[in-house]
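Visitor: Protein sequences, first through last, are from chains A and B.
Once you know that position 421 of the first sequence is 421 in the working numbering, the rest is easy, because the numbers rise by one and skip nothing.
Once you know that position 18 of the second sequence is 18 in the working numbering, the rest is easy, because the numbers rise by one and skip nothing.
If you're looking for bench data, these hints aren't it; they were derived computationally from the structure.
There's no promise every hint is true.
In silico DSS-like pairs for lysine-lysine, Cα to Cα no more than 25 Å straight-line [stated by the list, open to error]:
(1) Lys-561/A with Lys-642/A
(2) Lys-244/A with Lys-136/B
(3) Lys-244/A with Lys-146/B
(4) Lys-571/A with Lys-621/A
(5) Lys-42/B with Lys-244/A
(6) Lys-410/A with Lys-469/A
(7) Lys-136/B with Lys-46/B
(8) Lys-67/B with Lys-244/A
(9) Lys-561/A with Lys-645/A
(10) Lys-244/A with Lys-161/B
(11) Lys-521/A with Lys-539/A
(12) Lys-621/A with Lys-654/A
(13) Lys-136/B with Lys-42/B
(14) Lys-645/A with Lys-581/A
(15) Lys-410/A with Lys-424/A
Among the chain B residues that face chain A by a calculated CB cut under 10 Å, a handful are [what the hints assert, rightly or not]:
(16) Asp-41
(17) Leu-56
(18) Arg-69
(19) Ser-77
(20) Lys-160
C-beta: ideal position from N, C-alpha, C; glycine also.
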Amino acid sequence: MTDSSTSDIFNGASNNNHLPTQEEDVLAALRTLLFNPEQIETSEQQTGEKNTSPNLEEDVLEQLRTLIFSPDDAQVDNVQQQSSQKNPAANPDEDVLGELRSLLVGDDYQKLTKLQERLDDPKLYAADLSQVLAEAIILRSLQDQQLAKALVPSIEEAIKVSVRKDFKILANALFPVMGPAIRKAIASALNVMMQSLNQTLNHSFSPQSFKWRLEARQTGKSFAEVVLLRTLLYRVEQVFLIHKETGLLLQHVVAKAVTTQDGDLVSAMLTAIKDFVHDSFHVHQSDTLETLHFGELTIWIEEGPQAILAGVIRGNAPQEVRAVFHDAIESIHLEQSNILHSFDGNTTPFEACRPYLEGCLLVQFEVKEPKPKNQKLIIGSVLGAILIAVGPWLFLYIRDQQRWANYLEKLNAERGIVVVSADKRHGKFFISGLRDPLAADPLMLISSANLSPAQVTSRWENYLSEAPKFVETRTKQVLQPPQSVSLKVDNNAILYATGYASAEWIAESKKLVQLIPGVNKVYLNIVDTDLRELESAKKKIENYEVHFLNGTQLLPSQDSKIQSLVKEIQKLSNSAQSINKGIRIQIVGHTDAGGSENANITLSQARAQKVLSMFVSQGLKATNFTTQGVGSREPLPDNLSKQGKIFNRRVSFKVFLTDTLNRKSDQR
Amino acid sequence: MIQKKICMVGAFATGKTSLVERFVKSIYSNIYHTTVGVKIDKKLVKFGEQELNLILWDIHGEDEFQKVRMSYLRGSSGYFLVVDGSRRYTLETAFSLQQRVEDAIGEVPFILILNKADLIDESEIDDAAMAELSQKNWTVIKGSAKTGLGVEEAFGTLAKKMLEA
Ligand SMILES: Nc1nc2c(ncn2[C@@H]2O[C@H](COP(=O)(O)OP(=O)(O)OP(=O)(O)O)[C@@H](O)[C@H]2O)c(=O)[nH]1
Ligand SMILES: [Mg+2]
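Given only the sequences and the hints, what does the whole structure look like? Please build it.
Guide: Spelled out as structure tokens, the structure:
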């Protein structure tokens, strides 16, 4: 049989018309015997035929099977069995067997061999498996979790390897996914914060807060959120999209009416700053610069794997703005990842990103509510919230304000101080007014009011107060009265002066008092102290008595009495002279009651003369004295006892003050 | 619009800032203000129809206290190595800087400028130095920020190289 005939038979097997039916039947029976032995046995048992020799038949069939289907094994057997045979290739059995094989299994056999080949060739096997792998995985996943469990270790290992090789690949792949996930987590954390803020705010009420509450209900936001929103004020003025590696500006949008710098330069500079910060502070690779402050401008930076979004903000932007930035940079990476990756300096394709940047130009204005009639009412919830933030500062502010009020009150209560103006500018206090030089020192009052002198700038003009207390003090300052004088000024501005003072002081004061401001009238009731002294000196001298033994002979003890008398007289004479007065002393001689009165007069005259001569010998001027003898006409009360008699033999003195020197000189 | 980042690197006081000033603003000053960190300028150059916006990063000079930060070089499409012709050692600095830059950002076009060419009498670039340079097969341009010599040429050449790269 040739190949072509085989193919004929092959063809014939699929087409019954070209084959005799008888042959076909035989082949079919043989096929059944060879391939489905079980089935046949069963059917035979059912029919009850040929039951006696199944084993023998089976052996034959088995041998035939081996010969036909395992040609290699069979050949080996053949070689062993027929070792004498030299040419196996020419074995006619083989040809016959091959023919039988073809007849029995036809193309099925070829298919089987091909299948075997495929299984043995790893390349072909892999190619085959790849056709069904995806479907197989899906099918298995639907059945159970085994596949996932089996894959876990490999996938974990794969991720590790990938990260070790280049972590950026994984990071870049995860970036669009992780952003929202992280934000969700943060949002829920923020939510908790808002909630607690809400609770504190819930306790405060004001018309404003009701309005905000209404807004919260309408917008579905929390009340705290609305409060924060309403009190914030900001504006995103510019947004830059910057290529991360080169620092080149990809796109730049600017809010209306904002003056800008050269975007290219700002963009590069921002990148340089970012690099600088990153290098200088040895931060972790994943930590990046997020915020920059320039005066009242803030720059927020949102970083993606290839590009950076930087927003220039004036004022206080809430965190939601950052979320908008974040969304923008994420979307740009998602949609423009191709042009970002292949960027070679051509910025034109990034025009497409403009809408995202423009979406970041957010503005928030402060609400200006009309002032309600009762202002105190609105100091409710808002103040409560603000108080937490500015509490310490506010405390100091209020404290200083109170101290200032306190200081002003003190000044106003003070006599001789008139506050003309007082106000507060830029945290400093300014005060001006009039002050009597005698009034309390306003600067001393500053520190006693617990204010720092540095906080207060004061200007004081001098003036004279007419308050009785000040007039009195002023009078005292001008007149400088001795301690023996007391001065009083009453509410009608009348000055009362009482006590003792020198004539000189009195005369001077009479003139000066006219010039003291604030004194309307003067009542002077002051005794001239000089005269008073003269009076007492005079009395002292008049108390002296010089005693005699007999005749004009003095008692032995009287010499020293004369000495001190002389001194007193000299003193009196001097002080009298100093106040333009003169003195005249009458020396009077006395006798006891014994003897004739004529003789007594003479004796008494002689005794007076005797004392005068003693005075003159001591240096006193005779002109100041007159002598007189009165005999016994002016006796002392006891003139009868022996002792009394002795006391009556005496000389006494009478002192006269004369008014002027002129008169004195007249007397001379 | 095509934009390219260019860096100026070199030892301190070699004239990096002066070259940029000359190129961008056509001005020159004898006064030396050392650069701290980095200063950025830009200039638009045209090649026929093609417009190229050069973003110039003038980086602080290298001295013994301060090494140039390689992070500033990142993303550069080209760079200048600036040498002060009157100070031989600035050439050595340029050699070592070139090595570090290449390690950091890879091979990108660059040009070595032998600046201060107007100071002919003080030149310290001798034949040996020239030989060493020519061995390296680099593009070397003699220039002077003071007179303007070679400045346009240097920037133009680098720009072309970058567009071709
Ligand atoms: N004669 C001459 N002097 C120059 C030239 N270029 C720069 N200079 C001077 O050299 C000094 C340094 O110049 P800069 O441009 O500030 O040098 P730099 O490289 O930027 O210096 P650093 O920023 O400190 O690294 C200045 O005084 C310049 O005037 C030049 O071509 N010729
Ligand atoms: Mg410089």
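Visitor: I'd like to know which numbered hints this structure contradicts. Please list them from smallest to largest.
Guide: 2, 3, 7, 11, 13, 14 and 20
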